[in-house]
Amino acid sequence: MSASRAAAVVVGVEVNGLGVLRSLALGDVPLIAADANPRQPAMRTRHGRKLGLRALTGSELVEDLLALARSLDQRPVLFLTRDDTVKTISAHRETLAPHYRFQLPPPAITTALNTKAGFQALAQQGNFPVPPGVHVTGEADLPKLAALPLPPARSSPASATRLTTASSPRRIESTRLPRRKTLPADSAGDARFALAAVDRR
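Under the working numbering, the residue at position 24 of the sequence shown is numbered 24, and the numbers go up by one with no gaps.
Quick caveat, the hints were computed from the structure, so don't treat them as lab data. Backbone N, C-alpha and C fix where the C-beta goes; we use that ideal spot for every residue, glycine too. One or more hints might be untrue.
[What the hints assert, rightly or not] Between beta-carbon pairs, the in silico distance windows are:
#1 109 to 66: 21 to 31 Å
#2 5 to 146: 48 to 58 Å
#3 94 to 55: 14 to 24 Å
Taking the hints into account, I'd like the entire structure generated from these sequences.
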């Protein structure tokens with residue numbers, strides 16, 4: 001690894017992380033590929049030095065990153081590829097900032113951007129051209145789906161990345177919902193976020 005250039009530390013070497021590594025390698029950037037699963041296929045990439053982490057979130061990640069930074073000659077640049085990792089780094093930004101170069105919005109905005117519902121709210125507040133969306137947490141929110149200007153195009157867990165096809169608007173009454181009518185704010189695995197289709201005619 002070049003002693004004259006700061007390294008780029010890519011945390012989370014899955015599909016997104018592999019893309020970051022390949023892009024930076026084109027510029028001959030010194031690379032460190034860091035992940036908690038050294039057996040995953042993306043960790044076999046020819047790009048960069050491989051580093052096993054104990055976790056991709058929480059205090060163990062912070063401790064491992066601090067230990068890595070102390071072993072390097074220059075303050076490295078941190079690249080994050082997962083929402084849950086961003087959440088941890090944001091929470092410990094003051095601890096990590098003296099040791100890594102990274103840019104994050106203020107904590108409140110970072111938290112909002114980490115969820116689909118939060119992103120939608122910020123986009124609407126800024127009058128950005130995004131399709132209308134509905135954060136569905138229970139049966140009481142179903143009328144909001146029917147009120148969308150166009151049928152829902154996408155429905156997905158409120159804070160996950162996997163997308164599934166939304167239910168037909170004709171079958172809104174049979175949309176599968178959690179058994180509870182009201183969900184706590186942090187039950188992101190149960191809440192859903194529906195995005196309206198975009199009329200391009």
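Comparing the hints with the structure gives:
no.: 1; hint: 109 to 66: 21 to 31 Å; in the structure: 25 Å, holds
no.: 2; hint: 5 to 146: 48 to 58 Å; in the structure: 56 Å, holds
no.: 3; hint: 94 to 55: 14 to 24 Å; in the structure: 20 Å, holds
Violation of the numbered hints given earlier is absent; every hint is satisfied by the structure.
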